[in-house]
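Novice: Next come the chains, spelled out residue by residue.
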Amino acid sequence: MNSAADTGIEYDAAQPHDLKPNMRRYCMPNPELTLTDGIIISHIEPSSRVIDLGCGDGRLLAKLRDLSDCSVMGIELEEKGVLETISNGVPVIQANLDHGIPEIPSGSFDWAVMSQTLQQVRHPKYALQEMIRIARRMIVVVPNFGYWKVRLQVVWQGRAPVTEKLPYSWYNTPNLHLMSISDFRYLTVGQLNCRIVKEIPIINGSAVERAWASNLRAESVVYILESPLA
Amino acid sequence: MATETSEPFQIPETSVGLVETQTATLFAPPHPLKTEGGSKLGPIQVAYETYGTLSPARDNVIFICHALTGDAHAAGYHENSNRKKPGWWEDFIGPGKGVDTDQYFVVCANVLGGCMGTTGPGAINPETGERYSLEFPVVAINDIVRVHHELLRTLGIDRVLAVVGGSLGGMQALEWAASYPNDVGAVIAIASAANVSAQSIAFNTVGRRAILADPQFQEGRFYGDQGPRYGLALARMLAHITYLSEASIEMKFGRRLQDTEKLTYNLLKETEFQIESYLHYQGRRFVERFDANSYLYLTKAMDYFNITESYGSLSDAWKDSTARFLIASYDTDWLFTTSQSKEIVTALNQTARHVSYIEFQSPYGHDSFLIECEQLAAAVRPFLAQTYSSFKLPEKNQKTN
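Line by line, the protein sequences give chains S and U.
Everything in the first sequence is counted per full-length UniProt numbering, starting at 1 for the first residue and increasing by one.
Everything in the second sequence is counted per full-length UniProt numbering, starting at 1 for the first residue and increasing by one.
If you are wondering where the hints come from, they were derived from the structure by calculation, not from laboratory data.
All C-beta atoms in this analysis are idealised placements derived from N, C-alpha and C, irrespective of residue type, glycine included.
One or more of the hints may lead you astray.
[Unchecked claim] Now the stretches of chain S that chain U is said to cover, found in silico as 3 or more residues with beta-carbon under 8 Å:
#1 40 to 50
#2 75 to 86
[Stated by the list, open to error] Derived Cβ-Cβ restraints for the label pairs, each shown as a range:
#3 U:Lys252 / S:Val154: 26 to 32 Å
#4 U:Arg209 / S:Asp98: 41 to 47 Å
#5 S:Arg159 / U:Gln361: 31 to 37 Å
#6 U:Glu246 / S:Tyr171: 56 to 62 Å
#7 S:Pro174 / U:Lys252: 35 to 41 Å
#8 S:Pro174 / U:Pro95: 53 to 59 Å
#9 S:Ser206 / U:Gly156: 55 to 61 Å
#10 U:Thr23 / S:Pro174: 54 to 60 Å
#11 S:Trp156 / U:Ile249: 26 to 32 Å
[As the list claims (entries may be wrong)] Below, a list of computed lysine to any residue pairs in the SDA-like style, where the Cα atoms sit at most 25 Å apart:
#12 U:Lys342 / U:Gln361
#13 S:Lys80 / U:Ala213
#14 S:Lys63 / U:Tyr388
#15 S:Lys125 / U:Thr346
#16 S:Lys80 / U:Asp100
#17 S:Lys80 / U:Gln386
#18 U:Lys319 / S:Pro105
#19 U:Lys342 / S:Val189
#20 U:Lys300 / U:Tyr388
#21 S:Lys80 / U:Asp91
#22 S:Lys80 / U:Lys300
#23 U:Lys342 / S:His123
#24 U:Lys342 / S:Tyr171
#25 S:Lys80 / U:Thr346
#26 U:Lys342 / S:Arg185
#27 S:Lys80 / U:Asp331
#28 S:Lys125 / U:Ala377
#29 U:Lys84 / U:Lys319
Kindly generate the complete structure, drawing on both the sequences and the hints.
Specialist: Given below as structure tokens:
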């Protein structure tokens with residue numbers, strides 16, 4: 001789709017003066033949304049009741065409703081996203097995940113989805129606990145900061161990793177919490193007693209199940225989790 | 001300052017234009033309305049206005065519920081009044097606006113117990129030939145909604161696409177979906193609540209007290225006299241403060257003085273600060289247009305409203321409803337707060353209703369829904385469009401009884 005993403009390398013375009021001319025910084029590609037959307041949709045049984053935390057414009061939920069006849073609900077913080085979600089005919093509640101979502105009753109959904117949002121919330125553990133509370137099963141898509149290019153960037157350039165295609169720097173990034181695959185497993189399985197049903201690493205823009213050294217090779221990961229309450 | 005010009009007033013093209021208030025007579029004997037309080041009332045005259053065109057399928061009806069002291073004149077201009085003053089929701093209802101009259105047939109009616117053309121305490125009791133005054137039965141929001149539902153039925157409309165209202169109007173909209181679960185496609189309740197807070201009851205109580213304590217109240221039989229105008233103005237001044245926010249008062253008036261440069265140190269000068277002058281003006285204007293008895297009845301209806309109590313629990317109220325809900329609140333509204341709106345949202349989620357919620361940012365407090373119409377339209381327009389397109393489809397996902 002775009003060549004820069006193929007190489008996985010881009011200049012930090014907004015702050016060229018910030019860099020020496022030949023200093024290249026790795027920018028983690030925004031994993032192909034259609035790819036992760038596809039993976040998510042393929043795992044959710046038709047007619048399920050699904051909630052998407054950080055639903056953006058509600059695109060994924062509209063697909064789940066139309067393709068899988070799911071009953072859907074979105075949670076979104078930004079007003080723009082809320083209005084776009086309404087325009088997609090998807091019910092949406094404006095809420096800040098950092099404050100929890102008490103508007104959603106416990107156990108009221110079959111699936112809770114959180115795609116590329118967990119790293120942006122202030123309290124990821126709390127956000128996951130809220131997911132566990134409201135749904136039996138969860139799908140979480142997160143960037144993997146254990147990716148080798150990120151590691152190299154830290155080691156060789158001594159600079160904080162830049163993620164996605166937006167030219168965020170450490171001081172203005174929405175990504176507050178950087179985690180690797182090992183970190184995520186430790187939190188969900190070790191701390192929250194979830195069961196990882198599936199771990200699907202995204203490597204070079206495709207989903208590779210059972211990849212070797214995924215913590216080094218994956219740019220992001222799709223997790224299918226089961227709540228300890230399930 | 002511009003001088004007075006004799007140029008004729010042009011109705012803006014963005015308006016629904018010239019409109020007329022119509023009346024219908026309902027609940028004529030032998031079929032009176034049995035009110036929540038157990039009284040019988042009839043015949044009941046209802047004042048209403050309509051804008052836009054009813055579709056052949058009669059599926060594009062939007063019913064607008066007005067707030068406490070509003071009326072049926074929601075949009076457009078009246079022929080024989082000051083043409084420069086349009087309906088109270090002019091910026092929100094009209095061609096291409098939040099409620100688009102090019103697509104929808106909009107109906108707005110004055111409430112039961114009001115004084116703007118619908119039967120209320122100031123109307124003549126046919127049994128006695130005198131004005132009802134305080135013999136008018138105490139009415140509930142549910143009674144108001146039943147009268148409006150009956151109005152639509154007589155207009156040949158069995159099902160509405162949406163019921164839309166702010167504040168007390170939002171309460172009516174919520175009641176519509178609870179009372180007529182299959183007759184409402186969508187509810188849009190803005191800056192509203194399933195019941196008012198004790199704080200609101202407190203303000204209403206003081207307002208009513210001001211009216212009742214006025215020597216001119218005469219046990220409600222003040223018609224033809226000057227009536228409790230000071231009490232009514234005071235009630236309005238008090239209520240008006242609750243519609244604003246600290247920030248909006250600060251922004252609009254600050255501590256600025258009205259006519260003087262310096263403080264006058266005159267205790268009895270009524271309008272020294274601009275905010276004083278403004279409140280007195282609001283009070284005065286209100287007395288000219290509103291009946292003190294209606295104010296008593298309608299604030300009481302508001303205080304009594306409690307969906308939780310009426311239906312056993314808040315979520316039970318809408319468990320049979322097939323409506324989509326859009327609940328909106330304003331961050332600076334301290335009369336009908338965000339947490340009250342969220343309470344409704346939580347209840348609707350307990351029975352998995354189709355509900356959307358948005359908290360708008362606006363400095364104008366409770367009044368925001370009358371002021372920030374563009375902001376509101378950004379949510380309402382797509383919400384109505386989506387509801388309408390699914391409304392037209394065979395009712396795949398709709399429960400039917």
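Novice: Taking the hints in turn, state whether each one holds.
Specialist: Here is what the structure says about each hint:
no.	hint	result
1	40 to 50	violated (count 1)
2	75 to 86	holds (count 5)
3	U:Lys252 / S:Val154: 26 to 32 Å	53 Å, violated
4	U:Arg209 / S:Asp98: 41 to 47 Å	44 Å, holds
5	S:Arg159 / U:Gln361: 31 to 37 Å	36 Å, holds
6	U:Glu246 / S:Tyr171: 56 to 62 Å	34 Å, violated
7	S:Pro174 / U:Lys252: 35 to 41 Å	36 Å, holds
8	S:Pro174 / U:Pro95: 53 to 59 Å	40 Å, violated
9	S:Ser206 / U:Gly156: 55 to 61 Å	59 Å, holds
10	U:Thr23 / S:Pro174: 54 to 60 Å	57 Å, holds
11	S:Trp156 / U:Ile249: 26 to 32 Å	58 Å, violated
12	U:Lys342 / U:Gln361	15 Å, holds
13	S:Lys80 / U:Ala213	50 Å, violated
14	S:Lys63 / U:Tyr388	20 Å, holds
15	S:Lys125 / U:Thr346	23 Å, holds
16	S:Lys80 / U:Asp100	21 Å, holds
17	S:Lys80 / U:Gln386	17 Å, holds
18	U:Lys319 / S:Pro105	15 Å, holds
19	U:Lys342 / S:Val189	33 Å, violated
20	U:Lys300 / U:Tyr388	35 Å, violated
21	S:Lys80 / U:Asp91	22 Å, holds
22	S:Lys80 / U:Lys300	39 Å, violated
23	U:Lys342 / S:His123	22 Å, holds
24	U:Lys342 / S:Tyr171	34 Å, violated
25	S:Lys80 / U:Thr346	22 Å, holds
26	U:Lys342 / S:Arg185	34 Å, violated
27	S:Lys80 / U:Asp331	16 Å, holds
28	S:Lys125 / U:Ala377	37 Å, violated
29	U:Lys84 / U:Lys319	45 Å, violated
Taken one by one, the earlier hints fail for this structure at numbers 1, 3, 6, 8, 11, 13, 19, 20, 22, 24, 26, 28 and 29, listed in ascending order.
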